[in-house]
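> Next come the chains, spelled out residue by residue.
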Amino acid sequence: MRDLRKQKLWIVLSIVLGAAVAVGLVLVAFNEGLNVFFTPTEIAEGKVRPNQNIRIGGMVKTGSLVREGLEGTRIEFLTTDYNVDIPVVYDGVLPDLFREGQGVVAEGFVDEGGVFQARQIMAKHDENYMSAEVKAALDAAEQKKAEGVAP
Amino acid sequence: MPEFQFDSVADFFAMSGYAFYVWMAYGFFFAVMFWNLIQPRLARRKLMKLLRARQVREQNAAPPVRE
Amino acid sequence: MWQWLYKLGSPRYFYDMTTVFLPWLRGVTYFLLIVGLVWGLGFAPPDYQMKDNYRIIYIHVPTALGAMWVYAMMAAMAAMHMIWNLKLADMVAKSCAWVGASYCAVGLVTGSFWGKPTWGVYWIWDAKLTAMLILFFIYIGVIALRSAFDSETSGSKAASVLTLVGVVNLPIIYYAAQWWNTLHQPPSDLGGSATGANPPEIWIPVFFTGFGLIGLVFLLVILRTRNEILWRERRAQWVQDLVQGEPRRA
Chain P
2 MRDLRKQKLW IVLSIVLGAA VAVGLVLVAF NEGLNVFFTP TEIAEGKVRP
52 NQNIRIGGMV KTGSLVREGL EGTRIEFLTT DYNVDIPVVY DGVLPDLFRE
102 GQGVVAEGFV DEGGVFQARQ IMAKHDENYM SAEVKAALDA AEQKKAEGVA
152 P
Chain S
-17 MPEFQFDSVA DFFAMSGYAF YVWMAYGFFF AVMFWNLIQP RLARRKLMKL
33 LRARQVREQN AAPPVRE
Chain Y
5 MWQWLYKLGS PRYFYDMTTV FLPWLRGVTY FLLIVGLVWG LGFAPPDYQM
55 KDNYRIIYIH VPTALGAMWV YAMMAAMAAM HMIWNLKLAD MVAKSCAWVG
105 ASYCAVGLVT GSFWGKPTWG VYWIWDAKLT AMLILFFIYI GVIALRSAFD
155 SETSGSKAAS VLTLVGVVNL PIIYYAAQWW NTLHQPPSDL GGSATGANPP
205 EIWIPVFFTG FGLIGLVFLL VILRTRNEIL WRERRAQWVQ DLVQGEPRRA
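As they're listed, the protein sequences go chains P, S and Y. Under this note's numbering, the first sequence has 148 at position 147, and the numbering climbs by one with no breaks. Under this note's numbering, the second sequence has 16 at position 34, and the numbering climbs by one with no breaks. Under this note's numbering, the third sequence has 35 at position 31, and the numbering climbs by one with no breaks.
Calculated from the structure, these hints are not laboratory results. Keep in mind that the hints are not guaranteed to be accurate.
Said to hold, decoys possible - Quick list of in silico lysine to aspartate or glutamate cross-link-like pairs, EDC-like style, CA-CA up to 20 Å:
no., chain 1, residue 1, chain 2, residue 2
1, Y, K55, P, E108
2, Y, K120, P, E108
3, S, K31, Y, E205
4, S, K28, Y, E205
5, Y, K120, P, D97
6, S, K28, Y, D193
7, Y, K55, S, D(-7)
8, Y, K91, Y, D20
9, Y, K55, Y, E250
10, P, K48, P, E33
11, P, K48, P, D82
12, P, K62, P, E134
13, Y, K55, S, E40
14, P, K136, Y, E237
15, S, K28, S, E40
16, Y, K55, P, D82
17, S, K31, Y, E237
18, P, K136, S, E40
19, Y, K55, S, E(-15)
20, S, K31, Y, D193
21, Y, K55, P, E69
22, Y, K55, P, D97
23, Y, K120, P, D140
Said to hold, decoys possible - If you anchor each label on the Cβ, the simulated ranges turn out as follows:
no., chain 1, residue 1, chain 2, residue 2, range
24, P, G93, S, F(-14), 34 to 44 Å
25, Y, A152, S, K28, 19 to 29 Å
26, P, F31, Y, D20, 47 to 57 Å
No residue lacks a Cβ here, since even glycine has one placed at the ideal position from N, Cα and C.
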């Protein structure tokens, strides 16, 4: 009776471990393919061909956002991973969270000039939530500090 | 102590312009949880009915009790 | 220890015990849920970026985590059923599948309604979202596989094996945003980081809805398991007596 149970325990363990190893190998094999976007560094390294449909992900570089056109829907900005900057051009609807200093994922292609022509822009949110009041207080404190350092 | 964050009821329902998304999400949540709670109750009622019918059938089918 | 386990493993004991226990569980669960939902929807401060849109967090995070957590419980029950041949463990596992699938669906749908205004899309095939969708399909698969067999025992065995195989998916969902780059953010750190992010006034309601929804898991699993017990033990004398004692409804 004891032995039968032990045997069954081994069966259970081998099912779980077997599945883990099999899935683990598949995931390692597909590792890069499971990424939903390329970083600017990867694009600079030539990991994508021009005109290939891809996604790029990084931060919208602070101070790089330019709005063009009378309606102001055409935008240009630099997306950065703090190593390489890639210019992005886009004309269309933006998600509410799109702004400078925030994460962004864009769908489109890199043209021959090395500019990313975006078809769609998605905002990437980080895992930090903050109340509007706290954020305002923090910003005010930061500003005060900055003014104090450079009067 | 936390304060109510909205100035009016209309303000609350507007969810600073995100009413559609917030209330769709909460609506789906409540619908599913409501079903989750009502399902076992209905299943139990159905089961009891079935088991009672079985009992009655078995009683009727059983031969008369011998002394 | 073993004796206690065997006692708890007796369907009749489980049924009698939960009869006493259920009203308390129900009360605590409803209390936690009502406090958490009212607090989260009306009293937690709006996020500085997402404003009131982020209030979806109070149902999204607990249901998505809950779906994974129920799966772990279902897998533990499947293992117990396989190793000790515990009938009750199998009944609990069967109940878990439905509850877990419903939580998973809520996690996916609420996430979708959160994604559209913040990210700009309802859905993206990133590792985290895809793994979560796979969890939902595994739940559906476990339910379907069990019902595909005419014999109850064959169905439970097949469902147990599939359940155990599916366990691999759990760490993948949880760590997806760390292992690969995804649109979905990694899990939040509630340790009170130096930046002042994720303050208690935002996450305390998550704890209420979180524990409330865990309570609801137990409540729903117990309610379903009780029905399952009555069905499987329908020939036992105590069930016969119970059926006779039950007030009739029109």
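> Hints first: check each against the structure and report whether it holds.
Hints versus structure:
no., hint, in the structure
1, K55(Y) <-> E108(P), "violated (26 Å)"
2, K120(Y) <-> E108(P), "holds (16 Å)"
3, K31(S) <-> E205(Y), "violated (49 Å)"
4, K28(S) <-> E205(Y), "violated (45 Å)"
5, K120(Y) <-> D97(P), "holds (9 Å)"
6, K28(S) <-> D193(Y), "violated (46 Å)"
7, K55(Y) <-> D(-7)(S), "holds (13 Å)"
8, K91(Y) <-> D20(Y), "holds (16 Å)"
9, K55(Y) <-> E250(Y), "violated (51 Å)"
10, K48(P) <-> E33(P), "holds (11 Å)"
11, K48(P) <-> D82(P), "holds (16 Å)"
12, K62(P) <-> E134(P), "violated (25 Å)"
13, K55(Y) <-> E40(S), "violated (64 Å)"
14, K136(P) <-> E237(Y), "violated (59 Å)"
15, K28(S) <-> E40(S), "holds (18 Å)"
16, K55(Y) <-> D82(P), "violated (27 Å)"
17, K31(S) <-> E237(Y), "holds (15 Å)"
18, K136(P) <-> E40(S), "violated (72 Å)"
19, K55(Y) <-> E(-15)(S), "holds (16 Å)"
20, K31(S) <-> D193(Y), "violated (51 Å)"
21, K55(Y) <-> E69(P), "violated (28 Å)"
22, K55(Y) <-> D97(P), "holds (10 Å)"
23, K120(Y) <-> D140(P), "violated (28 Å)"
24, G93(P) <-> F(-14)(S): 34 to 44 Å, "holds (38 Å)"
25, A152(Y) <-> K28(S): 19 to 29 Å, "holds (22 Å)"
26, F31(P) <-> D20(Y): 47 to 57 Å, "holds (51 Å)"
In this structure, the earlier hints numbered 1, 3, 4, 6, 9, 12, 13, 14, 16, 18, 20, 21, 23 are contradicted, and the remaining ones agree with it.
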